[in-house]
Amino acid sequence: KAGVTQTPRYLIKTRGQQVTLSCSPISGHRSVSWYQQTPGQGLQFLFEYFSETQRNKGNFPGRFSGRQFSNSRSEMNVSTLELGDSALYLCASSPSFEAGGTDTQYFGPGTRLTVL
Amino acid sequence: QKEVEQDPGPLSVPEGAIVSLNCTYSNSAFQYFMWYRQYSRKGPELLMYTYSSGNKEDGRFTAQVDKSSKYISLFIRDSQPSDSATYLCAMIMAGGTSYGKLTFGQGTILTVHP
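Line order of the protein sequences matches chains A and B. Under the working numbering, the residue at position 27 of the first sequence is numbered 41, and the numbers go up by one with no gaps. Under the working numbering, the residue at position 7 of the second sequence is numbered 47, and the numbers go up by one with no gaps.
Calculated from the structure, these hints are not laboratory results. Glycine included, C-beta positions come from ideal geometry on N, C-alpha and C. Among the hints, a few may not be true.
[What the hints assert, rightly or not] Which residues of chain A face chain B? A few of them, derived with a C-beta cut under 10 Å, are:
(1) Q20
(2) F61
(3) G98
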């Protein structure tokens, strides 16, 4: 099976702009989670989607949003970018208990966002 | 205080050594435990997944969970230079409001030198 794919891999934006990142989960996985990774804070949970519904959300401002499509692909959007949003954004897919699997998460390579 | 504490290292060992990586946690609601390996500029790669106290072995890797002490470990036997990476412990609560939320340690940077 192909792994989790994320596009684009690298992105440079300026403050105030918005950005959309894309994630394609492993085939058959219906749960997608997003994380932000920075040297100072480590890996922090942004949100999780299952069957097009956001089931959980981390402690991030409303500028961070996401959605999931019927084919389980997911996007996350960051509006009004700030310098502190520079990070590696990772998405992970899981077969999930509800779909008869486990909640083991498999990560993509990430999108490295730089905000200037 | 962080929910999951992990010594960031760095840890440097000679090839062939046994490596011990550890995490402690404060919330007894964590039920499932994972170890990930992350190479520079890559996404985390799942190494081990456990959900009960005790040991689980997979090749050169052994994961140990002690829920009574809120302590998990990863042992790497016969370490190789290719094991040089950051090792992250992660854990998740069962169901409910914890959907999809892994809580990570800070990661331990490991270098195995020839």
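Hints, one by one, checked against the model:
The interface hint given for A/Q20 holds, since its Cβ lies 8 Å from the closest Cβ of chain B, which is under the 10 Å cut-off. The beta carbon of A/F61 is positioned within 10 Å of a beta carbon in chain B (closest approach about 8 Å), and the interface hint is therefore held. Proximity of A/G98 to chain B is violated relative to the hint, the smallest CB-CB distance being about 18 Å (cut-off 10 Å).
Hint compliance for this structure: hint 3 is the single one not met.
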